[in-house]
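Heads up: the sequence shown begins at 0 in numbering that gives the first Met the number 0, then just goes up one per residue.
Worth flagging that the hints you see were computed from the coordinates, not collected in a lab. Every residue gets a Cβ at the ideal spot worked out from N, C-alpha and C, and that includes glycine. Incorrect hints may appear among the rest.
[Claimed, not checked] List time: in silico PhoX-like cross-link candidates among lysine-lysine, alpha-carbon distance up to 25 Å: (1) Lys52 <-> Lys108; (2) Lys39 <-> Lys22; (3) Lys39 <-> Lys52.
[To be verified] The calculated label-pair distances, taken between Cβ atoms and stated as ranges, are: (4) Thr19 <-> Ala92: 25 to 33 Å; (5) Thr146 <-> Ala92: 37 to 45 Å; (6) Gly166 <-> Ala71: 29 to 37 Å; (7) Leu66 <-> Thr146: 29 to 37 Å; (8) Ala92 <-> Ala120: 34 to 42 Å; (9) Met94 <-> Thr27: 40 to 48 Å; (10) Glu80 <-> Asp153: 42 to 50 Å; (11) Lys23 <-> Pro125: 39 to 47 Å.
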Amino acid sequence: MKAPVPVLGFAAWSGTGKTTLLKKLIPTLRARGLRLGVIKHAHHSFDVDTPGKDSFELRHAGAERVLVGSRARWALMVETEANTEPTLATLLANMPDDDLDLIVVEGFKHERFTKIELHRAALGRPLLYPDDPSIVAIVSDTPLETTPPIPRLDLADLDALADFVIGIAAGDAP
């Protein structure tokens, strides 16, 4: 029986730079051999399809699910009528993971699962840690005012962050 794929979140206040960090970190992790899946939370209605494309037109005609595939990629679009945000568990249940080493989650800061917090003191926002006990490390661009009992990683040291993430993917709990 296959063990579940580890899930690691990157949580922060909006505008802190989670996507910017992941755009740098993902190639580093890939270069080290990790196969990654990503789930990203969006706070608003979004579209991955464009008007005029067949898949867009079929979805807007009333199809509840549209799966588009080619030799390069495939994508599944699912329309929902719920007025609530999907839970991370719902999205994870729909993420094929049979060829992944790690699922990276951007957002979902209010859900309880293993997360790394991204903090930028200049934004003037409070730390999510210690109010969130599922945060296992803090990545920041400056030293913190107080030293937490969890690792604090320097945002400029991408290799150290990659080492930490690889440890989590390997099952080495922090």
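Any hints this thing doesn't respect? Which numbers, in order? 1, 7, 9 and 11
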